[in-house]
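Put together the whole structure using the sequences plus the hints.
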Amino acid sequence: MELIPVFQIGWLNGWTLVCLLYLMYGAFLLTFPKDVRASLFYYDRSRWSTKQRVYYIMGKISVLVFLVLVIFSPLRTGTSVFIPGIILFALGLFGFIIALSNFKNMLPNQPASDGLYRISRHPQVLMLFISGVGICFAIGSWIALLILIISKFIGHFRSLAEEVACLEQYGDSYQSYMKRVPRYFLFF
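The opening residue of the sequence shown carries number 1338 in the numbering used here; numbering runs sequentially from there.
Check the hints yourself; a few may be wrong.
[Said to hold, decoys possible] No farther apart than 20 angstroms at their CA atoms in a straight line, the calculated lysine to any residue pairs in the SDA-like style are these:
no.: 1; residue 1: Lys1388; residue 2: Ser1510
no.: 2; residue 1: Lys1441; residue 2: Gln1389
no.: 3; residue 1: Lys1388; residue 2: Ala1502
no.: 4; residue 1: Lys1397; residue 2: Ile1486
no.: 5; residue 1: Lys1441; residue 2: Leu1425
no.: 6; residue 1: Lys1397; residue 2: Ile1408
no.: 7; residue 1: Lys1397; residue 2: Leu1482
no.: 8; residue 1: Lys1441; residue 2: Leu1367
no.: 9; residue 1: Lys1397; residue 2: Phe1494
no.: 10; residue 1: Lys1388; residue 2: Ser1399
no.: 11; residue 1: Lys1397; residue 2: Thr1387
no.: 12; residue 1: Lys1397; residue 2: Leu1377
no.: 13; residue 1: Lys1441; residue 2: Glu1499
no.: 14; residue 1: Lys1397; residue 2: Glu1500
no.: 15; residue 1: Lys1441; residue 2: Ala1502
no.: 16; residue 1: Lys1516; residue 2: Ile1467
no.: 17; residue 1: Lys1371; residue 2: Pro1445
no.: 18; residue 1: Lys1397; residue 2: Val1462
no.: 19; residue 1: Lys1397; residue 2: Ile1467
no.: 20; residue 1: Lys1388; residue 2: Ser1496
no.: 21; residue 1: Lys1516; residue 2: Arg1455
no.: 22; residue 1: Lys1371; residue 2: Asn1439
no.: 23; residue 1: Lys1397; residue 2: Leu1483
no.: 24; residue 1: Lys1371; residue 2: Asn1446
no.: 25; residue 1: Lys1516; residue 2: Ile1491
no.: 26; residue 1: Lys1441; residue 2: Tyr1511
no.: 27; residue 1: Lys1441; residue 2: Tyr1454
no.: 28; residue 1: Lys1441; residue 2: Leu1483
no.: 29; residue 1: Lys1441; residue 2: Ser1510
no.: 30; residue 1: Lys1371; residue 2: Phe1466
no.: 31; residue 1: Lys1388; residue 2: Glu1499
no.: 32; residue 1: Lys1397; residue 2: Arg1495
no.: 33; residue 1: Lys1397; residue 2: Phe1466
no.: 34; residue 1: Lys1371; residue 2: Leu1483
no.: 35; residue 1: Lys1371; residue 2: Leu1360
no.: 36; residue 1: Lys1441; residue 2: Glu1500
no.: 37; residue 1: Lys1397; residue 2: Ser1383
[To be verified] Quick list of the computed label-pair ranges, beta carbon to beta carbon:
no.: 38; residue 1: Gly1347; residue 2: Lys1371; range: 34 to 44 angstroms
no.: 39; residue 1: Phe1369; residue 2: Phe1431; range: 12 to 22 angstroms
no.: 40; residue 1: Lys1516; residue 2: Leu1349; range: 38 to 48 angstroms
What the hints contain is simulated information worked out from the structure, not anything from laboratory work.
From the three backbone atoms N, C-alpha and C, an ideal C-beta is built for every residue, glycine too.
Below is the structure:
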């Protein structure tokens, strides 16, 4: 792995993994009922504090920087970190699709709490992070990994805001869910 990868335009760059992830995500979303798809993206942000809005914008910017870095970085196919990177990417992508499937099958007016949602309140976030780590290994970049970690740290504040919105929407059922299930798998 190197600190900053060599930037170039090519067919075997990190963009291929990003495109695969988004193509599978988009194709899977097409199978969602319209109301479930809406609940995945649209929740009440009207009560967010200025601090939460700033973190949200900073998170979007850090993800954009990460994506630009990945898109123009070649895959390091001949290195020892490429195969572990592809394995992590695939595990994260597979877990992400499972988490989406669990979300798709949630009961109306109830928080998602089956499948991967039994072990994490934010399995989609966790699985996308694992995929992102895999991409960082596949392109062999420490700076991409650092930006990803910063992005997920900032994204943590979005997760907190989403939990407040879920508490308002689902009430006691979400409160008891929060007591049973950790935020990010084994911790928090």
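*Would you check the hint for lysine 1397 and valine 1462, treating anything up to 20 angstroms between C-alpha atoms as holding?*
holds, 14 angstroms
*Given the hint that lysine 1371 pairs with proline 1445, test it: the Cα-Cα distance must not exceed 20 angstroms.*
Holds: lysine 1371 and proline 1445 sit about 13 angstroms apart, inside 20 angstroms.
_Hinted pair, alpha-carbon criterion (20 angstroms max): lysine 1441, leucine 1367. Please report holds or violated._
holds, 11 angstroms
*asked:* Would the hint linking lysine 1397 and glutamate 1500 be met if the CA-CA limit is 20 angstroms?
replied: holds, 19 angstroms
*Would the pair lysine 1441 and tyrosine 1454 pass a check requiring their Cα atoms to be no farther apart than 20 angstroms?*
Holds - the C-alpha atoms of tyrosine 1454 and lysine 1441 are around 12 angstroms apart, at most 20 angstroms.
*Would the pair lysine 1388 and serine 1496 pass a check requiring their Cα atoms to be no farther apart than 20 angstroms?*
Answer holds: lysine 1388 to serine 1496 is near 14 angstroms, not above 20 angstroms.
*Given the proposed pairing of lysine 1397 with leucine 1482, does the C-alpha separation stay at or below 20 angstroms?*
holds, 16 angstroms
*Determine whether the Cβ-Cβ distance between glycine 1347 and lysine 1371 falls within the hinted range of 34 to 44 angstroms.*
For glycine 1347 and lysine 1371 the Cβ distance comes to about 38 angstroms; the hint holds.
_Restraint check for lysine 1441 with serine 1510, where alpha carbons must lie at most 20 angstroms apart_ = OK: lysine 1441 and serine 1510 at ~18 angstroms, within 20 angstroms.
*Holds or violated: are the alpha carbons of lysine 1397 and isoleucine 1486 at most 20 angstroms from each other?*
Holds: lysine 1397 and isoleucine 1486 sit about 13 angstroms apart, inside 20 angstroms.
*That 12 to 22 angstroms hint for phenylalanine 1369 and phenylalanine 1431 (C-beta), does it hold up?*
At roughly 18 angstroms between Cβ atoms, phenylalanine 1431 and phenylalanine 1369 fall inside 12 to 22 angstroms, so the hint holds.
*asked:* Between the alpha carbons of lysine 1441 and glutamate 1500, is the straight-line distance 20 angstroms or under?
replied: holds, 18 angstroms
This entry does not satisfy hints 1, 2, 5, 16, 25, 28, 30, 34, going by the numbered hints stated previously.
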